[in-house]
Amino acid sequence: NAGVTQTPKFQVLKTGQSMTLQCAQDMNHEYMSWYRQDPGMGLRLIHYSVGAGITDQGEVPNGYNVSRSTTEDFPLRLLSAAPSQTSVYFCASSYMGGYGYTFGSGTRLTVV
Amino acid sequence: AQKVTQAQTEISVVEKEDVTLDCVYETRDTTYYLFWYKQPPSGELVFLIRRNSFDEQNEISGRYSWNFQKSTSSFNFTITASQVVDSAVYFCALSEVSAQGGSEKLVFGKGTKLTVNP
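For the record, the sequence lines run as chains A and B. The opening position of the first sequence corresponds to residue 1 in my numbering, with each subsequent residue numbered one higher. The opening position of the second sequence corresponds to residue 1 in my numbering, with each subsequent residue numbered one higher.
Incorrect hints may appear among the rest.
Unchecked claim - 27 Å max Cα-Cα, derived DSS-like pairs, lysine-lysine:
(1) Lys9/A to Lys38/B
(2) Lys9/A to Lys110/B
(3) Lys110/B to Lys70/B
Rather than coming from a laboratory, the hints here were simulated on the basis of the structure.
Kindly produce the complete structure, drawing on both the sequences and the hints.
Here's what the structure looks like:
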C-alpha cells in the first residue's frame with residue numbers, strides 16, 4: 001500500500017521556469033491538498049480538492065495552478081518559478097478530512 | 001478566522017523527563033477537529049491523534065497523552081518519560097467542518113521543536 005506518493009523528492013529550478021509536482025494516492029480518498037512548509041511558518045494550504053473536477057484555493061495560491069482529473073492524482077503546477085517559492089511541498093489526502101490526512105514524503109524545491 | 005498558536009518554539013529536555021507541548025486555537029465554529037502531527041528529522045509528517053469538538057475526553061496512548069479543554073480552547077500534548085526518539089517538530093492543527101460535512105482545510109500552528117537529550 002503506497003499511500004501518498006510525491007515526485008520528485010528534490011528539484012532545483014531557475015527563476016521563470018515552470019514545472020509540475022506530482023502527487024498520487026491509492027487510498028481512494030476524495031480529499032487532496034497541497035501545503036508548503038517554510039521555516040518558522042508551519043504548513044500553509046496552497047490548493048485543495050474535494051473530488052475529481054473540483055478544486056479551490058487555500059491560503060497561499062498565487063503562482064500555483066492545480067487540476068483534478070482523476071481521484072488518484074492531484075498535480076501542482078508552478079507557472080513561472082520565483083525564489084519566493086523555494087520551500088518544501090507536501091501533498092495530503094483524506095477521507096472527508098475529519099479522519100486525518102495522510103501526507104506524502106514531500107518535495108524540496110529550490111528556485112535560484 | 002481560524003488560528004492555531006503554539007507558543008513554544010523550541011523545548012529541550014533530558015531523557016525521561018515529562019514534557020508538555022501547548023496548543024491554543026481560535027475558531028468561531030462549534031464543530032471542528034483538532035490534530036497533532038509529528039515531523040521527525042527525516043521530514044515526513046506522522047499523524048498522531050484526531051479529536052472532534054464534541055469529545056472532551058482526555059486520551060492516553062502509551063507515553064503520549066492529550067488534554068482537550070474547550071473552555072480554554074487548548075489541546076495540549078504531553079510526553080511522559082521522554083526518549084531521544086521523540087525528538088521532532090510537533091504540529092497542532094485545526095480543521096473546521098464545512099457545510100458539506102467534510103474538513104477540507106487544515107490550519108497548522110508553527111510547530112514546536114522538541115529535543116530530547118540523552
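Status of each hint after checking the structure:
no.: 1; hint: Lys9/A to Lys38/B; in the structure: 20 Å, holds
no.: 2; hint: Lys9/A to Lys110/B; in the structure: 23 Å, holds
no.: 3; hint: Lys110/B to Lys70/B; in the structure: 21 Å, holds
The structure shown violates none of the earlier numbered hints.
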